[in-house]
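**Q** Listed here are the chains, written in short residue letters.
2 protein chains.
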Amino acid sequence: MTKTVTRFQPLGRGTSTRTGASLLDLAREVDVSVESICGGTGKCGKCRVLVATGEKHLSPINESERAALTAEEVGIGVRLACQARIVAEGDIVIDIPELSRRGHHRLLASGIEPEVELAPAMGKILLRIPPATLSDIRADDDRLLELLHSEAAVTANIAQGVHQLLPKAVREKSWEATVTLFRGEELVRIDPGDTTGNLLGVAVDIGTTKVVAYLVNLITGEIVGTESQPNPQIPFGEDVMSRISYASRNSDGLRKLKEVVVGSVNALIARLCADAGKDPTDILEVVVVGNTAMHHIFFGITPQHLAQAPYAPAVRNSLTVDPGHLGLDIYPFGKVSSLPNIAGFVGADAVAVLIASGLYQDDEIGMMIDIGTNTEIIAGSRERLIACSCASGPAFEGAHIKHGMRAASGAIERIWIDAETHDIHLRTVDDAPARGICGSGIVDAISEMFRCGILTDAGKMRPSDRGDRVRKDADGRNEFILASAAETEAGVEVTITQNDVQEIQLAKAAIFTGASALMRKLGIACSDLKRVYAAGAFGTYVDPTSAITIGMYPDIPPERIKFIGNAAGSGARMALKSTKVRDLADRLSKRVEYVELAMEKNFQAEFAKAMFLPHRDADRFPSVVQQRQA
Amino acid sequence: MTKTVTRFQPLGRGTSTRTGASLLDLAREVDVSVESICGGTGKCGKCRVLVATGEKHLSPINESERAALTAEEVGIGVRLACQARIVAEGDIVIDIPELSRRGHHRLLASGIEPEVELAPAMGKILLRIPPATLSDIRADDDRLLELLHSEAAVTANIAQGVHQLLPKAVREKSWEATVTLFRGEELVRIDPGDTTGNLLGVAVDIGTTKVVAYLVNLITGEIVGTESQPNPQIPFGEDVMSRISYASRNSDGLRKLKEVVVGSVNALIARLCADAGKDPTDILEVVVVGNTAMHHIFFGITPQHLAQAPYAPAVRNSLTVDPGHLGLDIYPFGKVSSLPNIAGFVGADAVAVLIASGLYQDDEIGMMIDIGTNTEIIAGSRERLIACSCASGPAFEGAHIKHGMRAASGAIERIWIDAETHDIHLRTVDDAPARGICGSGIVDAISEMFRCGILTDAGKMRPSDRGDRVRKDADGRNEFILASAAETEAGVEVTITQNDVQEIQLAKAAIFTGASALMRKLGIACSDLKRVYAAGAFGTYVDPTSAITIGMYPDIPPERIKFIGNAAGSGARMALKSTKVRDLADRLSKRVEYVELAMEKNFQAEFAKAMFLPHRDADRFPSVVQQRQA
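Residue numbers (the numbering used here), protein chains in the order written: chain A, 1 to 630; chain B, 1 to 630.
Honestly, the hints are just simulated from the structure, not real lab data. Any given hint could turn out to be false.
Which copy? The list can't say, so a pair holds if one copy fits it or any two copies do.
To be verified - With a straight-line Cα cutoff of 27 angstroms, these simulated DSSO-like cross-link-like pairs (lysine-lysine) come out:
(1) Lys-258 <-> Lys-168
(2) Lys-124 <-> Lys-278
(3) Lys-173 <-> Lys-278
(4) Lys-256 <-> Lys-168
(5) Lys-521 <-> Lys-258
(6) Lys-590 <-> Lys-168
(7) Lys-124 <-> Lys-402
(8) Lys-173 <-> Lys-124
(9) Lys-56 <-> Lys-256
(10) Lys-460 <-> Lys-168
(11) Lys-402 <-> Lys-472
What you are looking at is a predicted structure, and each value in this text was computed from that prediction instead of being measured.
All chains, full assembly: derive it from the sequences and hints.
**A** Written as structure tokens, this is what we have:
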């Protein structure tokens with residue numbers, strides 16, 4: 001009997017007796033989809049797996065594998081899953097590195113989430129209250145607060161409005177009642193009888209393009225449900241800067257932007273509750289993260305000054321407000337809290353990512369990169385943390401790219417070009433007919449075109465000597481045909497223009513200039529980075545090798561890259577579950593040093609050098625140089 | 001030249017050269033109206049004054065004076081102002097005791113107010129904030145809070161909603177701004193520039209029948225204005241119990257009662273602001289007092305359980321809420337605070353009266369009596385304080401009295417009956433034609449009828465042997481004609497019925513039973529009371545001698561009675577002006593022991609004895625016995 005065990009993030013166990021099957025097939029039987037883009041020809045080298053046990057039951061290593069793998073890899077038992085075949089029955093244990101998994105995108109969509117000891121801000125206590133009698137005529141508030149003091153050693157005050165609930169709540173179930181305390185000191189709710197089993201919270205990540213809400217059971221820590229929808233502010237401005245502009249230029253702009261996003265959170269909460277059979281008034285707390293502009297707008301604070309030097313936010317500290325102050329439809333005397341911001345363009349979402357990544361407690365130096373229209377980077381370790389924000393623009397979201405699109409069904413997300421024939425292998429989201437190209441596809445395209453010599457290191461497209469994929473567009477500029485109308489099932493032509501290449505160069509240069517500024521501040525080289533945490537949807541989908549090849553990520557061994565998915569949401573949930581995490585966030589947001597890149601000496605010169613593929617100083621990308629020389 | 005100086009509460013100085021004038025005339029020249037009800041015949045004895053200087057310029061003491069004054073009084077120079085006449089020019093200095101002043105009512109309408117060191121909950125600080133620059137990119141909140149910490153040693157947090165004001169406020173006047181702190185720790189307001197000269201608060205006394213609001217300048221302590229109006233809840237129920245019933249029986253009752261009283265406070269504030277040329281948003285804090293039911297309703301808390309044994313209030317502790325929570329139109333991030341309650345029928349108003357009276361700091365034992373539909377009594381000294389509430393009913397407000405009316409123009413407020421002829425001397429409010437009788441008039445009437453033998457000690461009316469003032473009514477019960485239609489200018493007959501007498505007996509018995517229960521708890525006799533503080537409108541208007549004669553007040557020398565007027569309003573203003581007063585109120589409300597009279601042993605028996613005039617145990621009223629024997 002053949003046993004397949006995946007040891008990196010084990011997903012299950014399966015058995016197979018089918019000799020002749022490839023390791024690709026074997027992995028599929030335990031629901032692991034191993035990456036392979038070259039159609040199983042052994043050429044793209046993306047399906048590397050490590051055979052831990054049962055090497056003798058497999059076909060011997062072949063020519064394709066020898067070409068794709070380094071000698072070191074061969075030495076430790078790495079195989080290409082599409083090439084290695086089962087030749088005899090027996091136990092086989094394989095490790096499938098994260099990088100080789102096709103499924104990791106989907107798996108990580110909700111983000112990694114380190115375990116957190118439950119210590120939510122809201123806590124419930126069941127009380128059996130001595131009834132009011134003519135010989136004990138204390139007021140209801142004294143009766144309750146004195147009992148809390150004597151039974152639970154709690155010195156509490158009663159929140160505004162909750163006094164109105166007291167008389168009925170204490171008497172309705174024969175003087176048995178459950179109180180809810182916020183941070184152990186503010187009595188925000190009292191229910192008749194025992195309701196200690198019901199304690200719900202919602203974590204919200206307000207992204208510029210998407211709002212995600214998680215309903216969390218704060219007794220068990222379990223995620224009860226997840227709902228998301230596009231940020232309804234998009235019609236007022238695609239990106240953060242245009243929304244700031246809208247809020248600043250229209251007298252009613254801020255209010256409108258606030259209202260639609262609050263409405264969106266309300267809608268998500270209503271859906272979460274309907275699905276879970278709960279009432280929105282069961283929700284005691286909402287914890288919100290977002291970039292500084294989203295944060296300010298959500299709380300009704302003008303983001304105007306974020307767009308003007310010196311880009312000072314109005315609020316850095318974490319906030320806690322009443323739901324009614326925002327118009328949020330949850331338990332009316334509950335709380336809405338935010339994580340703190342760091343700077344004008346490093347917001348509460350970055351703090352959440354930092355917390356979810358664990359970078360702040362690493363002994364060795366690492367880097368967290370959350371790519372978006374603004375890319376936030378935090379580098380350092382437990383000793384010291386430095387952050388910056390890079391204006392990387394919306395190219396990775398498909399904007400300003402001729403055939404760019406979001407990573408929706410039919411978007412080209414993976415590209416491999418055969419270096420010899422320049423044949424192109426594509427994969428689309430949902431394997432649907434190609435309709436356009438998304439961010440990870442564009443990065444793959446630039447990387448592959450550069451690897452195959454179609455792009456110079458200056459990003460100039462030159463006619464291929466193999467095939468006729470490069471043509472002149474109407475303006476006489478070169479254009480690379482990724483898929484001709486004939487090649488796509490949908491009959492749609494998808495090309496990469498010279499302008500597309502430049503957009504990506506600008507975006508990746510912004511990111512690398514930021515990353516290298518932080519490394520310079522820390523006095524380290526790329527090779528000193530022991531870990532890079534790639535956050536967010538794009539960071540999860542983009543191929544790290546491609547990202548290194550074009551000079552976007554620092555040149556580190558790709559296995560040092562850890563995908564952490566929507567870590568902003570994870571961090572928000574962690575903060576919802578534990579006040580210790582919030583206190584940590586408060587400390588971190590004060591501790592993280594912020595670098596204003598515009599103030600950095602040589603910023604323009606550094607940026608210009610980073611426009612090259614991978615970089616004007618090619619020795620900063622030794623692995624890329626080595627690959628091209630190979 | 002004749003000089004008149006009044007030394008008790010000096011009101012002014014005047015001169016008179018008119019020999020032949022009485023001291024009554026002399027006092028009038030310096031705008032002091034000395035009480036005299038017998039028409040200047042020297043019989044009522046109410047116009048006692050003490051001649052300090054210039055006795056030799058006066059007529060010798062006459063027969064009427066000798067009859068009205070004790071030998072001791074004559075010895076120290078007391079005269080009847082209506083009898084003593086100026087016979088020679090020269091300096092005359094007279095002291096006019098409070099009891100002999102007719103004007104003291106009006107003077108005390110706003111209540112006495114011990115001086116308070118200004119320490120309001122709201123304080124302003126002018127800040128010159130270091131501007132945001134590319135080399136100082138701190139967030140606005142950090143910039144402000146760090147400056148407050150370094151410049152003013154204040155560790156503050158910013159109130160919900162105030163963050164929205166920050167960016168504009170700090171930048172508008174070149175980074176000069178004024179912050180307002182609540183209790184030195186919550187930043188509730190920020191204004192551009194220097195607004196430290198403007199700090200307003202409002203104190204409100206929500207009485208069952210009247211709502212009074214005082215606008216106070218919290219920089220100077222000065223009362224800027226006073227406004228009052230009838231409590232608009234009156235149509236929902238004349239007294240507290242009927243309003244509690246309305247709130248409890250109608251699903252929307254509490255909301256309605258709350259809305260009208262909040263609307264009333266808003267209207268008073270709007271009037272105060274209009275008169276003072278201020279905007280309601282200039283008002284940073286409102287401090288509210290009221291009886292426990294008024295308090296609960298104002299804060300939207302059901303008063304239902306106040307009407308059911310064991311009469312436990314929902315809330316004893318002082319409250320602080322946002323204006324928006326109540327719908328109060330002041331500065332939206334200001335505060336609305338209440339003083340604490342003591343018990344279901346001893347509310348925040350009683351705490352305010354206690355504070356204004358100063359009883360809590362007296363070395364000697366005293367008693368505070370605030371007469372109303374419920375009469376609150378607090379007895380004790382700095383050592384120990386005990387409170388009770390007596391269901392004295394609305395008779396003193398003219399309710400349930402045949403010709404009863406409020407103390408409005410034309411109400412009979414003073415009565416003196418000539419013991420020999422049974423001729424009646426009346427005085428009405430505003431000296432207007434008599435239309436009915438108000439509380440102080442009824443007490444005088446019962447007292448005088450008893451003194452002249454028209455009432456037995458059981459309160460039974462018997463035909464007068466002098467005059468034909470007692471007649472049978474339609475039911476064959478006796479009725480005393482106070483003023484026949486022919487005698488009143490308005491042609492209105494005003495009588496005292498046997499039923500009226502009983503109503504007053506019930507009311508005064510309730511009060512005395514409460515007072516004597518407290519004295520019993522303290523282990524003291526009436527004569528141990530060194531001071532009785534008479535609070536409220538009725539307490540100010542009622543003649544203390546009459547009140548003692550009918551057995552309502554404990555039998556103490558009348559000069560020990562101190563009128564403190566609307567001391568609830570005074571206490572509210574003191575609390576508005578100083579957080580130390582509020583802290584004191586919090587301590588007092590916990591310290592004052594509450595006695596539930598219904599739980600007292602022998603309550604019914606004590607009450608029955610107190611129904612007598614002055615009391616079944618006549619030796620508890622030695623001065624009354626002595627007077628009747630005289």
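**Q** Evaluate each hint against the coordinates.
**A** Results for each hint:
1. With identical chains, the CA atoms of Lys-258 and Lys-168 are at most 27 angstroms apart between copies only, with a shortest distance of 18 angstroms across copies and 36 angstroms within one.
2. Taking the closest pair of Cα atoms, Lys-124 and Lys-278 come within 27 angstroms of each other only inside a single copy of the chain (18 angstroms); across copies the shortest separation is 46 angstroms, beyond that limit.
3. Taking the closest pair of Cα atoms, Lys-173 and Lys-278 come within 27 angstroms of each other only inside a single copy of the chain (22 angstroms); across copies the shortest separation is 50 angstroms, beyond that limit.
4. For a Cα distance limit of 27 angstroms, the shortest separation of Lys-256 from Lys-168 across copies, 19 angstroms, qualifies, whereas the shortest one inside one copy, 39 angstroms, does not.
5. Proximity of Lys-521 to Lys-258 under the C-alpha cut-off of 27 angstroms is found in neither arrangement, the shortest distances being 37 angstroms within a copy and 62 angstroms between copies.
6. Proximity of Lys-590 and Lys-168 under a CA criterion of 27 angstroms is satisfied inter-copy only: 24 angstroms between copies versus 44 angstroms inside one chain copy.
7. Taking the closest pair of Cα atoms, Lys-124 and Lys-402 never come within 27 angstroms of each other, the shortest separation being 55 angstroms inside a single copy and 58 angstroms across copies.
8. In this homomeric assembly, Lys-173 and Lys-124 come within 27 angstroms of each other (Cα to Cα) only inside a single copy, at 17 angstroms, whereas the closest approach across copies is 47 angstroms.
9. Proximity of Lys-56 and Lys-256 under a CA criterion of 27 angstroms is satisfied in neither setting, with 67 angstroms inside one chain copy and 86 angstroms between copies.
10. Taking the shortest alpha-carbon separations for Lys-460 and Lys-168, neither the intra-copy value of 76 angstroms nor the inter-copy value of 48 angstroms comes in at or below 27 angstroms.
11. For the homomeric pair Lys-402 and Lys-472, the shortest alpha-carbon distance inside one copy (15 angstroms) is at most 27 angstroms, but the shortest distance between copies (109 angstroms) is not.
The structure does not agree with the numbered hints 5, 7, 9 and 10 stated previously, though it agrees with the rest.
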